[in-house]
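Model the full structure from these sequences, guided by the hints.
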Amino acid sequence: MGESLYRLITDYRGYVRDTSVVIIISDGWDLGDLGLLEKSLALMRRTVRKILWLSPHAGKSGFSPETACLRIATRYVDAILPLEILYDMAVLRKHIRTNRRVFSG
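In terms of our numbering, the sequence shown has 6 at position 6, counting the first letter as 1, and numbering is strictly consecutive.
Hint data in this document are derived by calculation from the structure and do not stem from the laboratory.
Since the structure is predicted, the reported quantities are computational estimates derived from the model, not experimental observations.
Certain hints may be false.
[Stated by the list, open to error] Below are the DSS-like pairs computed for lysine-lysine, each with C-alpha atoms no more than 30 Å apart in a straight line:
1) 94 <-> 60
2) 60 <-> 39
3) 39 <-> 94
4) 50 <-> 94
5) 50 <-> 39
6) 50 <-> 60
Shown next, in the form of structure tokens:
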């Protein structure tokens, strides 16, 4: 995932800017290079307006961002939200507009 995010920021620099909202859909069990993931998220944080991470596990009882990938993500993303939020665009829009950080559990 780190490599994909890094390429998104570097290869598509003209499309990814300070007005962009990036939505990452992942369960957080990435097995790639965690250092590159952190580097990519840090660069993305400095580049875009908002980063939302949608997880199929977020919102479930007992959810906590405990995987190595999600622990890194919590330092840079604005919210970790349930994947099901895609069914309710009004709620998704609210998260895009708010300045509050949210880590659904």
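We went through each hint and held it up to the structure:
With a CA separation close to 20 Å, the supplied pair residue 94 and residue 60 stays within the 30 Å bound. Between residue 60 and residue 39 the alpha-carbon distance is near 29 Å, which keeps this suggested pair within the 30 Å criterion. Using a Cα cut-off of 30 Å, the hinted pair residue 39 and residue 94 holds, with the two alpha carbons roughly 28 Å apart. Annotation: proposed proximity of residue 50 to residue 94 holds, straight-line Cα distance about 12 Å (limit 30 Å).
Distance restraint check for residue 50 and residue 39: the Cα-Cα separation of roughly 17 Å lies within the 30 Å cut-off, and the hinted pair is therefore satisfied. Of the supplied pair hints, the one linking residue 50 and residue 60 holds, its CA atoms being roughly 23 Å apart against a limit of 30 Å.
The structure shown violates none of the earlier numbered hints.
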